[in-house]
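Q: Residue-level listing of the chains:
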Amino acid sequence: MKCEHIEQLIPLYVGGDLEPPEADDLRHHLTGCARCRQLNEEFQTSQNWLTGFAVPEFDEASLANMRASVLSEIERQEKRGSWIHWLLPKWNPRLVLAVSTAALVAVTALSVTVYRNRIAPPKPGGDLVTKTGIPVSTDDGQSGTLAENRLSGNGTSTATGVKRRFPGSKLSEPALPEEALNNGGLSFPLEPPVTVPEQTESETTMSVEPEDKEPKEMLRIELQTADPNIRIIWLAPKAAPTESNTK
Amino acid sequence: MEWNNVALMADQLRFDDRTVTPATEPRSFNSPVVALVMRARTGDLSAFDQLIIAHQQRVIGIAWRMLGNQDDAQDAAQETFLRVYKHLNGFDTKQDFSGWLYRITVNVCHDLARKRGRGNPVSLDAEREAGNFAEPVSPHNTESSAMHAQERAIIARALATLSEKERAAIVLRDLEGLTTEEVAGILGSTPTTVRSQISSARAKIKTFRDRWLKRSVQNRER
Ligand SMILES: [Zn+2]
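Protein sequences, first through last, are from chains A and B. Using our numbering, read the first sequence as starting at 1010 and increasing by one per residue. Using our numbering, read the second sequence as starting at 4 and increasing by one per residue.
Calculated directly from the structure, the hints in this document are not laboratory data. Note that the structure is predicted; figures quoted are calculated from it, not measured. Do not take every clue at face value.
Footprint (simulated), chain B over chain A, 3 or more residues, beta carbon under 8 Å [to be verified]:
1) 1032–1044
2) 1057–1065
3) 1107–1119
Residues from chain B that keep clear of chain A, each with C-beta distances beyond 10 Å, as calculated [stated by the list, open to error]:
4) Met-41
5) Gly-46
6) Ile-56
7) Ser-166
8) Asp-177
9) Ser-219
10) Arg-223
Glycine residues also receive a C-beta, built at the ideal position from the N, C-alpha and C atoms.
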C-alpha cells in the first residue's frame, strides 16, 4: 500500500473501523514506514484524548428536577388535551385542519341561513320587535355567539390536537396549522353583530341608515371589514319610537 | 453492545421492583423497556418516569457532548423526553428503544443548536480571537477536577468545529461506543457515510488539538 492510501486509513484504524485484512495490511506498512508510524501515533494520541472526554456527573437533584419538569409538562398538556385528540389520536394534523375548516364553513353557512330566514319574510307592523320585546340583534347575537363558541371550541381543540401531534412544541413545531386556525378565528367577530360573507356591493366602510325593508323600529348598522368579503351587519331597535320617527 | 446490555439490566432491576405487566398483555414484550413503553402509552406516568430514569444519564451525556454545556444539555434532555412521550404511540416495539431514543436526542440537539445560533461550526481562529483558549493540561496535573473541566471544555470546542453530522457520528461512535451500523441506523444514514464522517471528524479533531498544543507552547515561551 502507498503512503497516501495509508494516511487515509489511519483515522479509521485508530478507532477500530477497518476490516481485519485492511488493518493487517496497514500494520505491515507501519513496520517499514517511519513517517506513517509517526502519523499513526499522533492519531492514536488524539483518539485517546477524545475518548477520555468524560461527561461531568449530573447530580441526582438536577436529574430529579428535569424529570419533574417533564412529567409536569406532560400533565399540563394532557389537561389541555382536547377530546378530538383522545378520540382520534392518529389523525393527521392536516386532516384535522381540513375538517375544522369544513366545520367552520358549515357553521358560517348555517348562521347565514338562519339570519336570512329571520330577515327575509319581514313581518308587517314591526311584529318582530314589539311582540317579542327582544331586539333582533340580541337574538341574532346569541346565535352568532353560539356559533362563535362552537367555532372557537373547534379551533381550540384542533389547535391542541395539532400541538399534541407535533413534538417539541418549543423547538420544532410547525407554526402553520395553529396560525391558520387563529386567523380563521379572527375572521369572525365575537360581539353581537352577525357576520355575513357578502358577495355584492363593496362601498361604504361604515353606514348607519334606517332600513326600509326592516320593520320601522329597526336600525341597521353595517361595518365593512378589511376583508371585502366580510361585512358586519348589526340590527338594533331604534331608541324610543315616537310619532315623528314613524312619520 | 455493552452499554445497551447495561441499560437493559438497569431497566430489568427497576422493572422488577414494580408491578408486572398484566398476564393478559401480549407475549411480544421482549424487554422490560417495551413493557414500560406499553404502560406509558396508556398514560401511566410512573412507568414513563421509570423509562426516563433508565435513560437519563445517557441522554444528557449525548446532549452534553453535542452541545458542549450543561444548561443546554439539560434543556435538550427535557425536550427529548417530552418528544418521546408525545411520539410513544409511533414507536415500533420491535425496534430498539435506545436507538429510537438517541435518534430523537440527536434531532433535539440539532434543533437546539440551530435555535441558539450555534449550528455553524466554530473555527479555531474564531476561538482564538475570542480568547477561548486554555492552556493544555500537563500530564502530572490531571487529577485536579479543575483540569478535568478545562480538558472537557477544550474537547467540547474541538467537537464544536465539526459539522452537525460529523459531530453526531463521532459522539455516537467514539464517545458512546456504538457500532458504525448502529450509528447509521440512528442517523438515518449508511455505514459507508458514517465511516467517512468519523474519519473526517477524527482528522479535524487531531488538527484542532495539534494547533491548540502548538499555541500553548508559544504562549509559554512568551
Ligand atoms: Zn508510509
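Q: All the hints need checking, so say for each whether the structure fits it.
A: To see whether the hints hold, each was checked on the structure:
1. Here the region 1032–1044 of chain A counts 0 residues with a CB under 8 Å from a CB of chain B, which misses the bar of 3, and the coverage is violated.
2. Proximity of the region 1057–1065 of chain A to chain B, defined as three or more residues with a beta carbon under 8 Å from a beta carbon of that chain, is established by the 8 residues found.
3. Only when three residues or more bring their CB closer than 8 Å to a CB of chain B does the claim for the region 1107–1119 of chain A stand; here the count is 0, and the claim is violated.
4. Listed as a non-interface residue, Met-41 (chain B) keeps its Cβ farther than 10 Å from every Cβ of chain A; the least gap is roughly 15 Å.
5. With a closest Cβ-Cβ approach of about 7 Å to chain A, Gly-46 (chain B) is found to fall inside the 10 Å limit, against its non-interface label.
6. Non-interface call for Ile-56 (chain B) relative to chain A: violated, since the shortest CB-CB distance, roughly 7 Å, does not exceed 10 Å.
7. In this structure Ser-166 (chain B) is separated from chain A by more than 10 Å, as the shortest Cβ-Cβ distance comes to about 16 Å.
8. Its closest Cβ contact with chain A, about 6 Å, brings Asp-177 (chain B) to no more than 10 Å, contrary to its assignment away from the interface.
9. No Cβ of chain A approaches the Cβ of Ser-219 (chain B) within 10 Å, the least distance being about 14 Å, so the stated non-interface status holds.
10. No beta-carbon of chain A comes within 10 Å of the beta-carbon of Arg-223 (chain B); the shortest separation is about 19 Å.
The structure fails to meet hints 1, 3, 5, 6 and 8 from the earlier list, while all remaining hints are met.
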